[in-house]
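In order, the protein sequences belong to chains W and G. Here the first sequence is numbered in our numbering, starting from 1 and rising by one per residue. Here the second sequence is numbered in our numbering, starting from 1 and rising by one per residue.
Hints were generated in silico from the structure; no laboratory data involved. Don't be surprised by glycine CBs; every beta carbon is placed ideally from N, CA and C.
Derived Cβ-Cβ restraints for the label pairs, each shown as a range:
no.: 1; chain 1: G; residue 1: Arg533; chain 2: W; residue 2: Glu65; range: 39 to 49 angstroms
no.: 2; chain 1: G; residue 1: Ser439; chain 2: W; residue 2: Gly20; range: 20 to 30 angstroms
no.: 3; chain 1: G; residue 1: Asp190; chain 2: W; residue 2: Arg52; range: 36 to 46 angstroms
no.: 4; chain 1: G; residue 1: Trp155; chain 2: W; residue 2: Arg52; range: 51 to 61 angstroms
no.: 5; chain 1: G; residue 1: Trp155; chain 2: W; residue 2: Ala63; range: 55 to 65 angstroms
no.: 6; chain 1: G; residue 1: Asn580; chain 2: W; residue 2: Pro7; range: 51 to 61 angstroms
no.: 7; chain 1: W; residue 1: Ser38; chain 2: G; residue 2: Gly404; range: 32 to 42 angstroms
no.: 8; chain 1: W; residue 1: Glu65; chain 2: G; residue 2: Glu418; range: 40 to 50 angstroms
no.: 9; chain 1: G; residue 1: Phe535; chain 2: W; residue 2: Lys44; range: 35 to 45 angstroms
no.: 10; chain 1: W; residue 1: Glu65; chain 2: G; residue 2: Arg395; range: 35 to 45 angstroms
no.: 11; chain 1: W; residue 1: Gly20; chain 2: G; residue 2: Ser577; range: 52 to 62 angstroms
no.: 12; chain 1: W; residue 1: Pro7; chain 2: G; residue 2: Gln400; range: 33 to 43 angstroms
no.: 13; chain 1: W; residue 1: Ala63; chain 2: G; residue 2: Ala352; range: 50 to 60 angstroms
no.: 14; chain 1: W; residue 1: Ser38; chain 2: G; residue 2: Arg533; range: 19 to 29 angstroms
Computed footprint of chain G on chain W; a stretch qualifies when at least three of its residues, placed anywhere within it, have a C-beta under 8 angstroms from a C-beta of chain G:
no.: 15; stretch: 23-29
no.: 16; stretch: 58-69
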Amino acid sequence: MDASRIPELTDDELDAYIHGRLKMAGVDLSVLPEDDSSAPADRKGILAGARRFLRSTPAAILAFEPDVQRVPPTLYPAARSVAVRKEGNHAG
Amino acid sequence: MRGSGRPPGGNRRVAKGRGTAPARPPETSDGTPTVPAPQDLQLDRRFFLQRMGLLTAAVATGSAFVPPDLAAGLPPPVRRPPRLPDPRSVQAVQPWQMTLAELAGLVKARQLSPTELVDVYLDRIDRYEGLLMAFNTVTADAARAAARTATDAPWEGPLHGMPLALKDNYYTQGVLTTANSYIYEKFVPDFDATCWAHLRDGGAILLGKTQMGPLATTRATTPDGHNTTVNPWAAHDPSVSPGGSSSGSACAVAMGLAACSTGTQTGGSITDPSSRQGLTGLKPTMGRCSLHGIVPLTYTRDHPGTLARDARDAAIMLQAMAGPDPSDPRTLGLPPVPDFTTAAEPVRTGSAVKLRWPTTIGVLPGYLEAGRGSGGRGEYGRSSRGLGQRERARRRQEAQVRAGSEVAARKAMLSTFESLGARVVEIPFPDDWETLTASAFNNVRLPERTEPFMDALRKDVRLFGVSLSPWINGLLLPAPEYLRGQRAKLLLLSRVLDGIFSQCDVVVQTEPYPFDMIGLPLIAFPIGSEASRGFDLPLAGMFGALPFGEERLLAAVAAYQAVTDWHHRRPPEPDLSAGNRTLPSPPPARGRVDIHHVMEHGE
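Could you build all of it, start to finish, from the sequences and the hints given here?
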């Protein structure tokens with residue numbers, strides 16, 4: 001699927017992902033107050049920020065598609081010196 | 001301003017990695033030492049790109065990192081003792097108003113002792129700290145003891161007996177190191193950060209640890225987000241940001257509470273407070289200075305650096321801080337540390353100041369247009385939420401006035417550089433600039449911040465106080481997106497090297513991004529002031545350069561500062577008289593930042 005066509009996720013879908021990931025990592029948000037803007041952090045604000053982050057960041061990153069042959073992932077850095085040997089010899 | 005028609009610096013590029021260093025630096029007719037060529041011209045930038053790839057891959061895979069040797073083939077650096085100002089020329093001002101270099105000249109000449117100097121700063125801290133809140137810890141007794149030792153010892157160099165303030169994320173043996181976080185609130189390291197050890201070995205004295213944004217995010221606040229350090233240019237108004245996150249380090253130097261200070265930068269944390277407080281802030285190339293013994297934020301983007309009164313002071317600090325450290329692989333296999341202090345000495349031909357090396361300054365689109373590139377990072381703790389229409393209109397008017405002043409200052413700055421011999425050329429943004437520098441790719445740093453703190457996250461998320469949000473978000477970015485982001489970062493680096501630095505030697509910047517992302521050096525320096533809010537606030541210029549281009553940056557700013565006086569201007573001395581009701585109360589009455597500010601404004 002074209003990354004630019006990733007469907008908009010609902011709050012419930014995002015919350016399910018967030019809670020599942022946090023549980024998998026052993027991170028517990030329940031110690032925070034539910035909704036208290038005077039607290040340093042509350043669950044409502046953290047979840048709202050996480051949803052904004054997930055709506056803005058992963059899809060935007062995946063929408064940028066460098067040429068995997070000419071701009072190899074940095075897991076294989078030896079190829080970098082070949083890919084950029086000549087000026088302009090790289091592609092996005 | 002001219003179009004770019006020839007390579008930056010004319011046809012003077014030297015053979016990369018070749019050449020023989022002279023046995024002694026040559027001098028100009030007036031005795032000013034010259035440096036044969038700055039290191040940015042001697043390096044093959046491809047090696048830097050390849051090295052960055054290796055470093056990123058090592059982080060991504062957790063594998064051992066063996067960097068290629070960038071130093072191979074480079075001539076050995078030639079260094080000479082720094083030329084300090086003549087003490088006779090600097091005695092008209094009080095010691096706390098002097099630069100570190102000026103103080104060093106007096107100490108060397110034994111016209112001022114380290115003991116006297118420490119007392120000067122401690123007196124000022126005593127007087128102003130309650131208002132400014134620049135420090136977390138003041139090590140007064142230890143500083144006095146170290147000063148007595150230094151006073152009796154032979155002069156060791158420009159840092160001999162110099163009282164410094166360290167950001168509170170630098171480990172200091174036996175001294176509380178909190179990073180303004182609940183996580184470290186009782187942490188007393190059993191060793192010194194490498195950078196501090198180098199400064200201390202050079203004779204520097206620890207005066208105290210400075211306030212910072214919690215874990216190096218945002219402006220200085222308590223761990224739960226209440227503002228602490230104020231901007232000394234507007235000490236009466238805590239809503240005027242001191243810049244973050246090295247807020248206290250900047251405040252201490254700006255107000256003459258320390259001779260110089262250290263900071264760290266992951267997303268503007270040196271250049272931002274320096275800009276807001278009229279200082280010269282230098283973020284070196286990734287790897288120039290060791291991060292060993294500094295509380296981590298983002299492994300591939302953290303940079304130690306300095307917040308100084310001027311370029312010469314920054315050079316003295318960097319000279320001591322830089323160098324390889326076996327405890328930090330990011331520093332190994334790099335070019336040798338060059339002679340920064342000589343690079344930062346202004347060059348004169350007769351009475352005229354000129355640039356040390358031919359330099360082309362690149363100007364990116366929008367730099368001279370009001371309202372574009374005017375900071376954009378917002379005022380920490382100065383939310384516009386809930387404001388009435390009238391207040392919003394007033395703030396819009398302030399922003400317009402400020403933007404106009406910024407453009408005028410930038411034009412004047414570029415004109416000054418042209419009078420010093422610089423070429424100023426307009427250059428376009430490289431391909432995909434907007435995409436590759438967008439916040440999505442900036443956010444790729446977040447998993448790196450989360451990983452080292454997993455234990456604390458599992459233990460109790462409340463330990464992160466107001467800074468929790470980015471640590472949670474870092475947990476949520478999937479690995480393919482992380483790797484795609486790292487690939488894009490390397491592509492951005494190649495675009496910057498080829499698209500920008502094929503046309504200029506230094507490039508104007510208005511934000512720390514993307515240079516923080518790709519590890520290239522930045523320097524911020526004062527170029528003017530503005531009064532949109534009814535009082536003077538500093539305006540700053542910022543240059544970026546090629547990998548290991550710190551000499552170039554220091555030389556350019558030193559020349560500029562030799563013919564301007566913005567760096568000499570200091571904040572007004574606050575009126576502390578008992579009847580003065582305009583002074584801010586201690587926290588929490590100074591306002592606060594919230595979790596959204598921390599996420600949006602970064603570090």
